[in-house]
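Engineer: Here are the chains, one letter per residue:
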Amino acid sequence: MRDETIHPDPVGFPMIWVQELGLYVHCLPVTKVQFEYFLSDARDGHFDPAWYESIRQLNPRISPRRIWSRNYWNAFLTGILPGEAERYAAWNGDGYHLLDSSEWQSFFRAVRGKSPSLLDDLGISERLGPRPRELFQTIGRAVDDVWEETREVGRDSPEKIGLAERLLLRLGVMEWVSLRNGQGLRWGGLGEPHPNFCGNLFAPECGEVVLPGDPERQRLAPFGFRLAFDPR
Amino acid sequence: MFEFLRRILSGRPVPEPENKINTLSSSMLPTANVLEILAEPGHGKTSFLWGLTFMLRKLGLVWPDYLCWSPQSDTNQVIKAYHDAMNRREVPAPTLQENICRLELRLKGMERWGDRRLILEDGWDSVFPSERNANVKKREIDWGSPACWLLSLPDLEGFDAQDLDNRLDTLLRARQASARFLLARPLRLIITLTKADRMNLPRNLRQYLKLDPLAAMVTAEKELFDPELGPDSRGLAPGHPSIQFDERAVREYLGKLLQVHEEISDWLGSTLTGRLLARRAAQQHVTLRFCLVSATGADLRSDSHLQIPWSPRRVLDPFFWSLEPEML
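Residue numbers (this note's numbering), protein chains in the order written: chain V, 99 to 330; chain C, 29 to 356.
Derived from the structure by calculation, the hints contain no laboratory data. Even for Gly, the Cβ is constructed at its ideal location relative to N, Cα and C. Careful, some of the hints might be misleading.
[Unchecked claim] No farther apart than 20 angstroms at their CA atoms in a straight line, the calculated lysine to any residue pairs in the SDA-like style are these:
| no. | chain 1 | residue 1 | chain 2 | residue 2 |
| --- | --- | --- | --- | --- |
| 1 | C | K250 | V | A301 |
| 2 | C | K86 | C | E68 |
| 3 | C | K250 | V | R284 |
| 4 | C | K284 | V | V251 |
| 5 | C | K250 | V | C304 |
| 6 | C | K250 | V | S199 |
| 7 | C | K86 | C | N228 |
| 8 | C | K284 | C | L233 |
| 9 | C | K86 | C | L233 |
| 10 | V | K258 | C | P99 |
| 11 | V | K212 | V | E201 |
| 12 | V | K258 | C | Q235 |
| 13 | C | K250 | C | R85 |
| 14 | V | K212 | V | Y194 |
| 15 | C | K250 | V | G252 |
| 16 | C | K250 | V | V251 |
| 17 | C | K250 | V | R278 |
| 18 | C | K250 | V | G311 |
| 19 | C | K250 | V | L309 |
| 20 | C | K284 | V | G252 |
[What the hints assert, rightly or not] Cβ-Cβ distance ranges computed for the label pairs, FRET-style:
| no. | chain 1 | residue 1 | chain 2 | residue 2 | range |
| --- | --- | --- | --- | --- | --- |
| 21 | C | L57 | V | R253 | 45 to 51 angstroms |
| 22 | V | E257 | C | D274 | 30 to 36 angstroms |
| 23 | V | N294 | C | S330 | 15 to 21 angstroms |
| 24 | C | R279 | V | Y150 | 52 to 58 angstroms |
| 25 | C | D274 | V | R154 | 49 to 55 angstroms |
| 26 | V | S152 | C | D274 | 50 to 56 angstroms |
| 27 | C | D191 | V | N169 | 23 to 29 angstroms |
| 28 | C | H333 | V | E134 | 30 to 36 angstroms |
| 29 | C | R279 | V | P108 | 55 to 61 angstroms |
| 30 | C | S298 | V | D328 | 32 to 38 angstroms |
| 31 | V | D218 | C | A121 | 30 to 36 angstroms |
| 32 | C | D274 | V | D192 | 36 to 42 angstroms |
Take these sequences, add in the hints, and give me the full structure.
Structural biologist: Right under this line is the structure:
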C-alpha cells in the first residue's frame, strides 16, 4: 500500500490506489459537478451549452442535497461519447486515461469482497473538500439504501454491502472501456446500472463487456466513465 | 409439487415425464403441447414469443440430437421474420388484429421430454383485448392446457392492490364462459413476470436472471464467431462440456425453477397485491406457478432499436413448466 492511498484529481474528487494495477482509479464514475469545471474551461465550440443540454436530457442534473436511492445516477455525467470522455481525460493532465477492459476487470477483482469500511480507514471523507465530500457521502447513503431495498427473499439478516458496490462498479452506470486487439481500438461498456436507470441484466462480475452498435456516434443514456491516473 | 423437489434434493429418481416419445414414425405424431399465452396489450407478448422461438431454435447447441422446425412453411417464414428482426435489433411494434398467427413447432430429441409438438399463437388477446379489438370475434382458448399469463413487472408497480385481482377475475370469467370449460382440468396458470430487467428485484431473483445458463450458451456461441473480440473472447464451441444441458443439468434446472417459483411467491406475498392474487387463486382452485423473464435482456435502446443484441433470459421457463404436468 502506498503512503498516498487516496489521490485527489485536479478538481478534488478522490482516486484510490489500486496496487494490482499500479494506478489510481476514480472512486466513483465522473460526476456532472466534475465535468462542469472542464466545461467552464473548454475553449472549442464542441462543448457548448447546447451540448450540455442534450446530455442533461438523457440524464438530468440533480443537486447533491436531493440525491436518494431512486435518482443518484442523475449525479453522474452520462450520455457522453468515448471520444469526448478522452478529451476530458486529457484536460485532467498527463497520466489520466479511461480504463481499458482488463484494467476495469482487475479493479473489480481487487475490490470485490472487501468491506467499504476500508474507505473510512483511509480517512477519505476528511481528505476531501466540501463539495466532493457531500456528493461522496450522499451517493454512499443512497447506494446503501438500494442494497437494503433489494435484500434477498427470505433473508432475515441484511447482507453487508461490498466495496465494489460502494464504488459503484455495480449499481452505478455503464462505463466506457477501451478494448484493444489486433484490429485496433474498440469501445465497450462495463458495469451494471441501476435497473430503474436502464433496464439491464449485465454481469460485470462475469467479465461481460457490452458492445453497443455505434459507440462513436450514438449517445447512450447510461454510459459514463471513470478515469485512471498513472503517477509515473 | 413438493414431492418433486424432495426427490431432487434426496437424490431419488425424478419420475419420467408423461408421454415421452423417443422415436417418430409416420403414423404417430408427438404429443402436442399447447401453451396458451395471455397478456394485456403492452405486457410484452410479441417480444416474449420472439425470445421464446429464438431460444427454442438455439437448444440445438446443448442437445446433440435436437431439432426444431415447423411442418408449415408459413410458420417457418414467420419465425424467420422474427429472428431477422432480432438480428437487426428491432423491437416489436404493437400487435395488430391482422397480424394474428398460429405457430406449430416440432421439437425433436429434447433431453428428458423427447419429441413434442408445440402450438403457440400470437395476435390480439381474447381474454384481455385492446379497446380497438373489443368487438372482434374471440378466439377459443384451450383451457385444458397450461395458460401462461404475461404480466409486465414495471406496469404492475402502477397497479392498485385490487387491479391484479380484478384481472385474474376477468381471466377466470372468460374461462367459465368458454364452451370447453366443463371439459377442462382445473386451471394451471403460469404467471410470467415480463420486462424483469427493468425492475429493482431482490438480489437472488436478479441473479437468477443474470446467470441464465442457456443465455450464456448463446453468448458463448456468438463470441466464438466474433473475430473482433480477440483476446476478450470467451467463446465456447457447441457441445463444449461446460455448456451441456444433459439429464442431470436439466433436473437441476427444474429444481431451481421450483425454488425460484417459491421465492417469487414469497416476494409477491409480501405485498397486498400478491396476497389478493394468491387468495383468489386458492378460492378458485387455480394452480399458480411463477416465472421471471426478460425477452430482450436489456432496455438499452434509442428510437425503436436496441443498441445491443437481444439476449433473452429465462424465456424457456414457462415452456419447461408446461412440459412438467407433475410439477404443475
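Engineer: Each hint: holds or not?
Structural biologist: Consistency of the hints with the structure:
For the given pair, C:K250 sits about 17 angstroms from V:A301 by alpha-carbon distance, which is consistent with the 20 angstroms threshold. Annotation: proposed proximity of C:K86 to C:E68 is violated, straight-line Cα distance about 28 angstroms (limit 20 angstroms). This hinted pair checks out: C:K250 and V:R284 have alpha carbons roughly 17 angstroms apart, not beyond 20 angstroms. At most 20 angstroms may separate the alpha-carbon atoms for a hinted pair to count; C:K284 and V:V251 meet this at roughly 15 angstroms.
Of the supplied pair hints, the one linking C:K250 and V:C304 holds, its CA atoms being roughly 16 angstroms apart against a limit of 20 angstroms. Using a Cα cut-off of 20 angstroms, the hinted pair C:K250 and V:S199 holds, with the two alpha carbons roughly 19 angstroms apart. Pair hint C:K86 plus C:N228 does not hold up; C-alpha atoms about 29 angstroms apart against a cutoff of 20 angstroms. The hinted pair formed by C:K284 and C:L233 meets the criterion: a straight-line CA distance of about 11 angstroms does not exceed 20 angstroms.
Taking the CA atoms of C:K86 and C:L233, the gap is near 24 angstroms; set against the 20 angstroms cutoff, the hint is violated. For the proposed pair V:K258 and C:P99, the alpha carbon gap of about 54 angstroms is over 20 angstroms, so the pair is violated. For the hint linking V:K212 to V:E201, the alpha-carbon distance of about 18 angstroms falls within 20 angstroms, and the restraint holds. Distance check on the hinted pair: V:K258 and C:Q235 sit about 17 angstroms apart at the alpha-carbon level, within 20 angstroms; holds.
For the given pair, C:K250 sits about 14 angstroms from C:R85 by alpha-carbon distance, which is consistent with the 20 angstroms threshold. Under the criterion of a C-alpha separation no larger than 20 angstroms, the hint pairing V:K212 with V:Y194 is inconsistent with the structure, at around 26 angstroms. Note on C:K250 and V:G252: the hinted pairing is violated, with a Cα-Cα distance of about 36 angstroms set against a maximum of 20 angstroms. The hinted pair formed by C:K250 and V:V251 fails the criterion: a straight-line CA distance of about 34 angstroms is larger than 20 angstroms.
Taking the CA atoms of C:K250 and V:R278, the gap is about 19 angstroms. The hint holds against a cut of 20 angstroms. With a C-alpha separation of about 15 angstroms, the suggested pairing of C:K250 with V:G311 holds against the 20 angstroms cut-off. Restraint check for C:K250 and V:L309: the C-alpha separation of about 12 angstroms stays at or below 20 angstroms, so the hint holds. With a C-alpha separation of about 16 angstroms, the suggested pair C:K284 and V:G252 falls inside the 20 angstroms cut-off, and the hint holds.
Judged by the Cβ atoms, the range 45 to 51 angstroms given for C:L57 and V:R253 holds: they are separated by roughly 48 angstroms. A beta carbon spacing of about 33 angstroms between V:E257 and C:D274 agrees with the range 30 to 36 angstroms that was offered as a hint. At roughly 18 angstroms, the beta carbons of V:N294 and C:S330 sit within the given window of 15 to 21 angstroms. Between C:R279 and V:Y150 the C-beta distance comes to about 56 angstroms, which sits within the given range of 52 to 58 angstroms.
A hinted range of 49 to 55 angstroms for the beta carbons of C:D274 and V:R154 is consistent with their spacing of about 52 angstroms. Separated by about 52 angstroms at the C-beta atoms, V:S152 and C:D274 satisfy the suggested range of 50 to 56 angstroms. For C:D191 and V:N169, the hinted distance range of 23 to 29 angstroms is satisfied, since their beta carbons lie about 26 angstroms from each other. Distance hint check for C:H333 and V:E134: the Cβ-Cβ separation is about 32 angstroms, which falls inside the suggested range of 30 to 36 angstroms.
Our hint of 55 to 61 angstroms for C:R279 and V:P108 holds, since their Cβ atoms are close to 58 angstroms apart. For the hinted restraint 32 to 38 angstroms between C:S298 and V:D328, the CB-CB distance of approximately 49 angstroms leaves it violated. Under the hint 30 to 36 angstroms, the C-beta atoms of V:D218 and C:A121, about 52 angstroms apart, miss the expected range. Distance hint check for C:D274 and V:D192: the Cβ-Cβ separation is about 55 angstroms, which falls outside the suggested range of 36 to 42 angstroms.
Consistency with the previously given hints fails for numbers 2, 7, 9, 10, 14, 15, 16, 30, 31, 32, ordered from lowest to highest.
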